[in-house]
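Chains A and B are the protein sequences, given in the same order.
Numbering of the first sequence is given in the numbering used here, commencing with residue 1 and proceeding in unit increments.
Numbering of the second sequence is given in the numbering used here, commencing with residue 1 and proceeding in unit increments.
Watch out, some of these pointers could steer you wrong.
To be verified - Computed spacing ranges between beta-carbons, pair by pair:
hint: 1; chain 1: B; residue 1: Ser73; chain 2: A; residue 2: Val165; range: 50 to 56 Å
hint: 2; chain 1: B; residue 1: Pro28; chain 2: A; residue 2: Phe106; range: 24 to 30 Å
hint: 3; chain 1: A; residue 1: Ala100; chain 2: B; residue 2: Arg234; range: 43 to 49 Å
hint: 4; chain 1: B; residue 1: Tyr216; chain 2: A; residue 2: Glu81; range: 55 to 61 Å
hint: 5; chain 1: A; residue 1: Asp197; chain 2: B; residue 2: Thr145; range: 46 to 52 Å
hint: 6; chain 1: B; residue 1: Pro125; chain 2: A; residue 2: Met31; range: 41 to 47 Å
hint: 7; chain 1: A; residue 1: Pro91; chain 2: B; residue 2: Ala98; range: 35 to 41 Å
hint: 8; chain 1: B; residue 1: Lys186; chain 2: A; residue 2: Ser73; range: 41 to 47 Å
hint: 9; chain 1: A; residue 1: His179; chain 2: B; residue 2: Gly156; range: 56 to 62 Å
hint: 10; chain 1: B; residue 1: Asp188; chain 2: A; residue 2: Ala78; range: 21 to 27 Å
Derived from the structure by calculation, the hints contain no laboratory data.
Quick reminder that beta carbons are idealized off the backbone N, C-alpha and C, glycines included.
2 protein chains.
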Amino acid sequence: MKSKSETFCLKLVIAYDGGAYFGWQRQPNGMSVQQRIEEVLEKLCGQHVNVYGASRTDTGVHALGMVAHIEWSKISLAIPELHRALNALLPEDLRVLAIARAAQSFHARFDAVSKLYRYRILNSPIGDPFRRGASWFIPQKLNVTAMREAAAFFVGKHNFSSVAVNPGYERTTMVRHIHRCAVIKKSDEVHVEIEGDGFLYKMVRTIVGTLVEVGYKRRTSESVRELLKSRDRRLAGQTAPAHGLFLVRVRYR
Amino acid sequence: MKSKSETFCLKLVIAYDGGAYFGWQRQPNGMSVQQRIEEVLEKLCGQHVNVYGASRTDTGVHALGMVAHIEWSKISLAIPELHRALNALLPEDLRVLAIARAAQSFHARFDAVSKLYRYRILNSPIGDPFRRGASWFIPQKLNVTAMREAAAFFVGKHNFSSVAVNPGYERTTMVRHIHRCAVIKKSDEVHVEIEGDGFLYKMVRTIVGTLVEVGYKRRTSESVRELLKSRDRRLAGQTAPAHGLFLVRVRYR
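Build the full structure now, drawing on both the sequences and the hints.
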């Protein structure tokens, strides 16, 4: 009798500095985070292992708590050993923070119920050499109160066509449920934290770009209500640069 | 009658990520911080301007508050304008935090009465993609209490031959006065803060490398007393890597 090859599902929590990566998802133009992890897993177990991420972060976007899952069959490496070996072989800008067994049916993307993103703006007259890769430097003083008022309009279940790019692969609905959109002053930084059940392509960065225009007093807080109704991307602000954005956390049931 | 060219002395406070620089001081092997600033000043005023720094930080060492002075004669640029123009032309890893007029006799190096250095150790089991260029990652748990006991032996007026490299250009005395040597636990980091009237070549990093051996329990706190007496560099710990070291502040009378 042949022994059945046993596989089990592992949940990984991953942090990365996105600066050197062409985003999470494997693609032909350059190195992605997914590809880097898959290459190291292949070295460790001698065959290709698919890594399924909860979210496709764009080129340059960072993660503090990306979640992914793999089907793992190599039992010669215990989980803590796999964890140490992975971090030993991965580059320093990419760390596996935790690995744990998950239910056999667990899927990092389809089971996610919400994601929290944080966008960091460095709002001081002079930049900071040590935060330049991890924040959007805006020297002009932002009106945080106005930004906060505007942010409230994004909360709820809306069609977000006006603050997203439809790259073709999005599902037909442009409706998402945003649970929280907070503008937080933190010493010389302004953070925008957005939590929701899902996000359209470039949605968080377009929301931030629009809130910054409110912070500049270039548009009113009220105008955001009209913007959402319009479903017209041309009326929104610029897409905020990728290097200020962090995927903070993914929630599951 | 020829008009006398009026010059005045400006004091600059400078922050930089040392990662891309061959230290502060101009030298033939690569770009230094001093050279970068002098090049931009030359663009702004049409002639070479010497920048005198308080300290020669080594390749890869960072600064939060380097102090320098220049002799400035171009009166068409007011000081706030010079400040803005400098930061506009300097790269993002190098910022002039402040410029102010100083006494005509002010000398950034010779008038300094003390310098404060901070060494950051990231002491957590897994590294951090966002602190990898600004801390020494040590996964093994350090004994901070033992390090603190050892640090106390460095305080005072001592011959520091055993924790420094004599590169030939040092003044003959190896005696320095250390006012403070503190080991501080700050969430998942251990900081070593050293303030003194002057430092020998690689002295701070050798002190840190030695304290880390104490933190590993590879040597006793007491052994540091013997080390100082020995004046033998071979008995000290390794030179801690440059990317954890920050020149924090320079004090003047």
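How the hints compare with the structure:
Between serine 73(B) and valine 165(A) the beta carbons are some 52 Å apart, a value that agrees with the proposed interval 50 to 56 Å. A hinted range of 24 to 30 Å is violated for the C-beta pair proline 28(B) and phenylalanine 106(A), which are about 58 Å apart. Distance hint check for alanine 100(A) and arginine 234(B): the Cβ-Cβ separation is about 46 Å, which falls inside the suggested range of 43 to 49 Å. For the pair tyrosine 216(B) and glutamate 81(A), the beta carbons lie near 23 Å from each other, so the given range of 55 to 61 Å is not met.
A hinted range of 46 to 52 Å holds for the C-beta pair aspartate 197(A) and threonine 145(B), which are about 48 Å apart. Roughly 26 Å separates the CB atoms of proline 125(B) and methionine 31(A), a value that falls outside the hinted 41 to 47 Å. Between proline 91(A) and alanine 98(B) the beta carbon distance is about 37 Å. The supplied range of 35 to 41 Å therefore holds. A C-beta distance of roughly 42 Å is found between lysine 186(B) and serine 73(A), which places it inside the suggested range of 41 to 47 Å.
At roughly 58 Å, the beta-carbon separation of histidine 179(A) and glycine 156(B) lies within the given 56 to 62 Å, and the hint holds. At roughly 25 Å, the beta-carbon separation of aspartate 188(B) and alanine 78(A) lies within the given 21 to 27 Å, and the hint holds.
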